[in-house]
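Please model the entire structure based on the sequences and the hints provided.
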Amino acid sequence: MRTLLLHHFRNFHKMEPSIACPQCRKRFHLQEQLDEHLDAAHNQANPFECSWQHCGIRCPSFNAVRLHEKAHGVELTCDQCHDTNLWSPSQMAWHLQRSHNPQNRFVCRCTKRFADNRGLNRHQNLTGHA
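Numbered according to UniProt numbering, the sequence shown terminates at residue 130, and the numbering increases by one at each position without gaps.
Keep in mind that the hints are not guaranteed to be accurate.
What the hints assert, rightly or not - Now the in silico label distances, taken between C-beta atoms and shown as ranges:
hint : residue 1 : residue 2 : range
1    : Ser-61    : Leu-38    : 13 to 21 Å
2    : His-82    : Asn-43    : 33 to 41 Å
3    : Leu-96    : Leu-4     : 41 to 49 Å
4    : Val-107   : His-8     : 56 to 64 Å
5    : Val-107   : Asn-43    : 38 to 46 Å
6    : Thr-127   : Gln-31    : 48 to 56 Å
7    : Cys-24    : Val-74    : 18 to 26 Å
8    : Leu-67    : Asp-35    : 17 to 25 Å
9    : Asn-125   : Ile-19    : 48 to 56 Å
10   : Ile-19    : Asn-121   : 49 to 57 Å
11   : Gln-124   : Ala-93    : 21 to 29 Å
12   : Asn-121   : Glu-75    : 25 to 33 Å
Please keep in mind that the hints were generated in silico from the structure rather than gathered at the bench.
From the three backbone atoms N, C-alpha and C, an ideal C-beta is built for every residue, glycine too.
Next up, the structure:
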């Protein structure tokens with residue numbers, strides 16, 4: 001029902017959303033949308049925040065926020081190894097720390113670095129770089 005009502009507002013009335021979030025500048029057609037937004041974006045009980053700038057969505061678990069970040073649909077590419085399996089700024093930071101930190105002593109022939117031998121061995125087994 002809600003989806004049909006939103007479709008009707010957008011396509012037949014060409015109405016701009018009129019209900020504003022009191023904590024940010026997002027606007028909504030329906031109070032129910034605002035309520036969902038307030039719970040998802042501004043509820044401090046959800047400790048994991050999306051790392052995309054200006055998003056502000058908060059999630060109850062690490063996995064939930066990672067799934068949300070993928071929904072932004074932006075593919076990031078590491079400028080050091082051209083890895084494209086990165087979907088958020090926090091994932092990029094984690095990748096840089098794990099794979100390219102000069103303090104990581106275990107280095108593969110492809111120049112990826114690892115904090116321990118276990119990580120290097122796993123990488124070599126997966127990629128055939130042994």
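Against the structure, the hints come out as follows:
no.: 1; hint: Ser-61 to Leu-38: 13 to 21 Å; in the structure: holds (19 Å)
no.: 2; hint: His-82 to Asn-43: 33 to 41 Å; in the structure: holds (38 Å)
no.: 3; hint: Leu-96 to Leu-4: 41 to 49 Å; in the structure: holds (45 Å)
no.: 4; hint: Val-107 to His-8: 56 to 64 Å; in the structure: holds (60 Å)
no.: 5; hint: Val-107 to Asn-43: 38 to 46 Å; in the structure: holds (43 Å)
no.: 6; hint: Thr-127 to Gln-31: 48 to 56 Å; in the structure: holds (52 Å)
no.: 7; hint: Cys-24 to Val-74: 18 to 26 Å; in the structure: holds (20 Å)
no.: 8; hint: Leu-67 to Asp-35: 17 to 25 Å; in the structure: holds (22 Å)
no.: 9; hint: Asn-125 to Ile-19: 48 to 56 Å; in the structure: holds (54 Å)
no.: 10; hint: Ile-19 to Asn-121: 49 to 57 Å; in the structure: holds (55 Å)
no.: 11; hint: Gln-124 to Ala-93: 21 to 29 Å; in the structure: holds (24 Å)
no.: 12; hint: Asn-121 to Glu-75: 25 to 33 Å; in the structure: holds (28 Å)
Every hint, counting from the list given before, is met by this structure.
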